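Student: For reference, the chains in residue letters:
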Amino acid sequence: MGKKTIMVVDDNPDFRFTMGLFLERSGFEVITAEDGKTGWEKIQQRTPDLVLLDVMMENLFSGFELCRQIRNNHLFKNLPIIGISAMAEEVGVSFNQETDQEYFSPNMFIDKPVDKELLLKSISDLLKSN
Amino acid sequence: MSSPLAQAAHPISQNLDVLLELSFKSVLDSLPCYVSILDTGYQFIFSNQTIRNDFGEPAGRTCHGLLKGYAKPCTKCLVADTYQDKQIHIGEGSLKLATGEINQIIICTAPLIGIMGNVMAVIKIAINITKIKEAHKELIILGESMALLSHDIKNILEGLQGGAYVVEEGIKDNDMTLAGKGWRIVKKNIFEITRVAQNILYSSKKREPEMRMVNPALVVRDVIGLFQEKAGSMGIQLVFEINPKLPVVKMDQSGIVRMLGNLVWNAIEACRKSDDNNTGMVYIRADYFNKQQYMFEVEDNGKGMDDKTKQNLFREFFTTKGNSGTGLGLIVVDRIVRQHKGRIDVLSKIGVGSLFRVVLSLQ
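Sequences listed follow chains V and U, in order. Per the working numbering, the very first residue in the first sequence carries number 1; after that it's consecutive. Per the working numbering, the very first residue in the second sequence carries number 1; after that it's consecutive.
Treat the hints as calculated values from the structure; they're not laboratory data. These numbers were taken from a predicted model, which means no experiment stands behind them. Glycine included, C-beta positions come from ideal geometry on N, C-alpha and C. Please note that the accuracy of each hint is not assured.
DSS-like, lysine-lysine: derived pairs with alpha carbons at most 27 Å apart [stated by the list, open to error]:
| no. | chain 1 | residue 1 | chain 2 | residue 2 |
| --- | --- | --- | --- | --- |
| 1 | U | K96 | U | K137 |
| 2 | V | K128 | V | K4 |
| 3 | U | K273 | U | K188 |
| 4 | U | K230 | U | K273 |
| 5 | V | K116 | V | K42 |
| 6 | U | K188 | V | K116 |
| 7 | U | K68 | U | K86 |
| 8 | V | K77 | V | K42 |
| 9 | V | K77 | V | K4 |
| 10 | U | K341 | U | K245 |
| 11 | U | K172 | V | K116 |
| 12 | U | K172 | U | K187 |
| 13 | V | K37 | U | K308 |
| 14 | V | K37 | U | K349 |
| 15 | U | K349 | U | K310 |
| 16 | U | K341 | V | K37 |
| 17 | U | K341 | U | K291 |
| 18 | V | K116 | U | K187 |
| 19 | U | K230 | U | K188 |
| 20 | U | K273 | U | K187 |
| 21 | U | K273 | V | K3 |
| 22 | V | K4 | U | K25 |
| 23 | V | K116 | U | K181 |
| 24 | U | K25 | U | K68 |
| 25 | U | K133 | U | K76 |
| 26 | V | K42 | U | K349 |
| 27 | U | K245 | U | K273 |
| 28 | V | K37 | U | K303 |
| 29 | V | K3 | V | K42 |
| 30 | U | K172 | V | K121 |
| 31 | U | K250 | U | K187 |
| 32 | U | K341 | U | K137 |
| 33 | V | K77 | V | K3 |
| 34 | U | K96 | U | K72 |
| 35 | U | K133 | U | K341 |
| 36 | V | K3 | V | K116 |
Beta-carbon label-pair distances, calculated as ranges [what the hints assert, rightly or not]:
| no. | chain 1 | residue 1 | chain 2 | residue 2 | range |
| --- | --- | --- | --- | --- | --- |
| 37 | U | T279 | V | R46 | 31 to 39 Å |
| 38 | U | E210 | V | P13 | 35 to 43 Å |
| 39 | U | E134 | V | D115 | 37 to 45 Å |
| 40 | V | L118 | U | R343 | 49 to 57 Å |
Here chain V stands alone, though its shape is the one from the complex (with noise of 0.2 Å):
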């Protein structure tokens, strides 16, 4: 079975580099996008198992918005996404599945400074559910 790939986007290149290089050595193929627009074209090209996602980058087009887009595209809507950002719990940022489910729905999401122990579970768990 060929490597599985991952989408990292994320606005900082720092985290593009050393999420990338984690996962990478983790045994996956990467790809990386900074921003939300690069990350659409580059889903549509290469169609990856599964998408990191920064929710709160500077673009316009943020992760939100790419969330949307990817939940809405007929190929795409099943694709994996875990959404990552430090906001999370102190502002309010939780999800609720049911009622923001048209607004912003990753399947699951995970606090920065990320554990990697928890992600490399929660990555594993969605592939085999997928």
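Once you have looked at the hints, place chain U on chain V.
Tutor: Relative to chain V, chain U alone:
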């Protein structure tokens, strides 16, 4: 407790009414709130000492005339409401003291009902809640700031953790280029956390400014020294233009360095994010503004700001930097400029750049 009979037998009870009146008056006078009794024309029948202290003599004056400086009654008047419906009314408002200071107040009006059931007069009590309002605002800001600082610090932790991971992997593989790359990320985040910590210090009220005589040129050179290398590594040029004739002036040097540093850092970020291909340029100037004032200017040819961003600039924790800013920087700028009794002018145009000018007194 003695019985009513025993009280009646006591010699003091004969003068009880007089005593009560005197003590009521003395209590009313010393209450830390404004107590008045107003007639149907809103003229003072009674006013306590606190009103007289803060607004002057009310005899022959109206409530709106003395407390607000109005010729006509206020459009929304709780005293009028109480006269009309004989009910107690509570509301909030503001008052300008004789010193010019604006105070937030909570007002309560109650009817004094005569034997015929008519309202003979209205008693009005106004309590100064300015300090409570300020404390309330500070608490809200504190709550928001804790949340957003936590966000910023968690991002920095992510950078430190990620950088450290890359260093470890580099050492494991004996790949020093990789380790060096990780180390640069670690160092960058140490710089970031230092900046955040300093801004927290300067945005808190605890720090007292240390005023002494300093040449503004020295301050500009300090700031250039702090950012030259960092800007260079991003391909951004820092240019300084100092009028050598500027005299030494009284200032809180480390505060002014922090203030200019925050402006320069914002300018560098604006250049970094600019879409055009021009070389990023940041100009830092110190010159006379006029005979009594001098100025610092920080100008960039970065991405510029729209009107909404300009309006929100000095609001606490407003940031356009997504993950990379708390919005504390300009609050610190604003606070330091106010400490120096100066002002900030902002000129900006999308796609052209921004200019921040801080004007300070030479005295």
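Student: Next step is simple, just say for each hint if it's right about the structure.
Tutor: Now the hints, each set against the structure:
1. K96(U) with K137(U): With Cα atoms ~20 Å apart, K96(U) and K137(U) stay inside 27 Å; holds.
2. K128(V) with K4(V): Given that 27 Å is the threshold and the Cα spacing comes to 11 Å, the pair holds.
3. K273(U) with K188(U): holds, 18 Å
4. K230(U) with K273(U): holds, 15 Å
5. K116(V) with K42(V): holds, 25 Å
6. K188(U) with K116(V): holds, 22 Å
7. K68(U) with K86(U): It holds: about 24 Å lies between the C-alpha atoms, which stays within 27 Å.
8. K77(V) with K42(V): Holds - the C-alpha atoms of K42(V) and K77(V) are around 15 Å apart, at most 27 Å.
9. K77(V) with K4(V): holds, 18 Å
10. K341(U) with K245(U): Between K341(U) and K245(U) the Cα gap is close to 23 Å, so the pair holds against 27 Å.
11. K172(U) with K116(V): holds, 18 Å
12. K172(U) with K187(U): holds, 20 Å
13. K37(V) with K308(U): holds, 24 Å
14. K37(V) with K349(U): holds, 25 Å
15. K349(U) with K310(U): Given pair K349(U), K310(U) holds - Cα atoms ~10 Å apart, limit 27 Å.
16. K341(U) with K37(V): Judged against 27 Å, a Cα distance of about 46 Å means the pair is violated.
17. K341(U) with K291(U): holds, 17 Å
18. K116(V) with K187(U): holds, 21 Å
19. K230(U) with K188(U): With a Cα-Cα distance of about 10 Å, the restraint between K230(U) and K188(U) holds, given a limit of 27 Å.
20. K273(U) with K187(U): OK: K273(U) and K187(U) at ~21 Å, within 27 Å.
21. K273(U) with K3(V): violated, 35 Å
22. K4(V) with K25(U): violated, 85 Å
23. K116(V) with K181(U): Holds: K116(V) and K181(U) sit about 20 Å apart, inside 27 Å.
24. K25(U) with K68(U): holds, 25 Å
25. K133(U) with K76(U): holds, 22 Å
26. K42(V) with K349(U): Not satisfied, since the Cα-Cα distance of roughly 33 Å exceeds 27 Å.
27. K245(U) with K273(U): violated, 36 Å
28. K37(V) with K303(U): holds, 19 Å
29. K3(V) with K42(V): Holds. K3(V) to K42(V) sits at ~18 Å (cutoff 27 Å).
30. K172(U) with K121(V): holds, 24 Å
31. K250(U) with K187(U): With Cα atoms ~35 Å apart, K250(U) and K187(U) exceed 27 Å; violated.
32. K341(U) with K137(U): Measuring from Cα to Cα gives roughly 23 Å; hence the hint holds.
33. K77(V) with K3(V): Satisfied, since the Cα-Cα distance of roughly 22 Å is no more than 27 Å.
34. K96(U) with K72(U): The hint holds at about 16 Å.
35. K133(U) with K341(U): holds, 24 Å
36. K3(V) with K116(V): holds, 19 Å
37. T279(U) with R46(V): 31 to 39 Å: holds, 34 Å
38. E210(U) with P13(V): 35 to 43 Å: holds, 39 Å
39. E134(U) with D115(V): 37 to 45 Å: holds, 41 Å
40. L118(V) with R343(U): 49 to 57 Å: Because 50 Å falls inside the window, the suggested range holds.
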